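Going letter by letter, the sequence shown gives residues 1 to 238 in the working numbering.
Keep in mind that the hints were calculated from the coordinates and are not lab data.
In this text the structure is predicted, and so the values were computed from the model without any measurement.
The C-beta atom is built at its ideal place from N, Cα and C for all residues, glycine as well.
Incorrect hints may appear among the rest.
[Said to hold, decoys possible] The following label-pair restraints were derived from C-beta to C-beta distances: (1) His-238 with Thr-55: 22 to 32 angstroms; (2) Lys-13 with Ile-107: 17 to 27 angstroms; (3) Asp-144 with Ser-192: 43 to 53 angstroms; (4) Pro-153 with Thr-55: 43 to 53 angstroms; (5) Lys-161 with Thr-27: 29 to 39 angstroms; (6) Ser-155 with Lys-237: 56 to 66 angstroms; (7) Glu-125 with Thr-27: 15 to 25 angstroms.
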Amino acid sequence: MTNLPYEIKALKKIKERLDLLMSERGTPVEIRSNALYDSVVRDGELRTLFPNQKTFNQFLRQQHDRGILKQIIPNYRVDTSDYRFYQWYFHKESSKSSEKGKEVITIRSKLKYHKHRLSNLSSNELKLRSEQEREIYERLLTCDYLTIEYEFPVSKYGETKYVDFKISNRINQKIFFWEHFGMTHSSQYLDSMTEKIKWYKENGFRPVEEGGNLIYTIYTNLHDFHKDIDRYINLIKH
1 MTNLPYEIKA
11 LKKIKERLDL
21 LMSERGTPVE
31 IRSNALYDSV
41 VRDGELRTLF
51 PNQKTFNQFL
61 RQQHDRGILK
71 QIIPNYRVDT
81 SDYRFYQWYF
91 HKESSKSSEK
101 GKEVITIRSK
111 LKYHKHRLSN
121 LSSNELKLRS
131 EQEREIYERL
141 LTCDYLTIEY
151 EFPVSKYGET
161 KYVDFKISNR
171 INQKIFFWEH
181 FGMTHSSQYL
191 DSMTEKIKWY
201 KENGFRPVEE
211 GGNLIYTIYT
221 NLHDFHKDID
231 RYINLIKH
C-alpha cells in the first residue's frame, strides 16, 4: 500500500462500496466509518488489505492527511479535534447537474447571536448550530431548484424570530419555513420551544398539516427523525 497507484485503486473501490451502501433504502443519511467498513470487507480484495477496522481507519487518515482522500471520496467530513482518534462521517454524494439554475442556492445565516455555536460543518461548508440541522440541510442539498436561507428572520408587530430554514421551490414558487427542535431532554429548551410554537400560531403561521407552510420537526429518536425528514422533503419537492 506504499505505492500511490495501489492506494488510488483501493480508494476507488472504497468509493464504489460507499455509493452502493448509500443507495440502499435502509441506509441513514449519514454513516460512520464502522458502517462503511462492514460494506468494504464484502469485497475480497479490500478485506485482504484491511483485515480490521483499525487498519481501515488508519488508511483513511493517511490519505486524508495527504490530501488524496477528498479527491476520490468527496462526500465525507471528519472531526480531527482529537488527533489520536479521527471521527469519520460519510453521506450520499450530492447530485450535480450541468443544467443552469438547477442547483441548490444557499443563503447563509446573518444572525450574530451565539455565532460561536455554528460548529457543525456541512458538505458545502455551511456552518450550522446542530448535528440534526446539518442532517436536514444535507438532505435538502440532494434536491433541485431550491433556495435555502439559514436562520431566516420572520417579523410580526415589531418582534423578530429566526426560523431554522426558509426554503423556496423555484419551480412552483412555494415557500416553506422549517423549524427543528432538538434538545427535548432540557426543560428550559422545552419551555422555549413551547413559547416559539405559540408565537408562530398567534402570528398567523400554520403548520403544513393544517394547510400552511410551516414545518415542525421534534427529535425523539433517529428512526422517526429520518422518517419526518423524508416526508417533508417529498412535500417540498412536489
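- Violated hints - listed by number, lowest first: 1, 2, 3, 6
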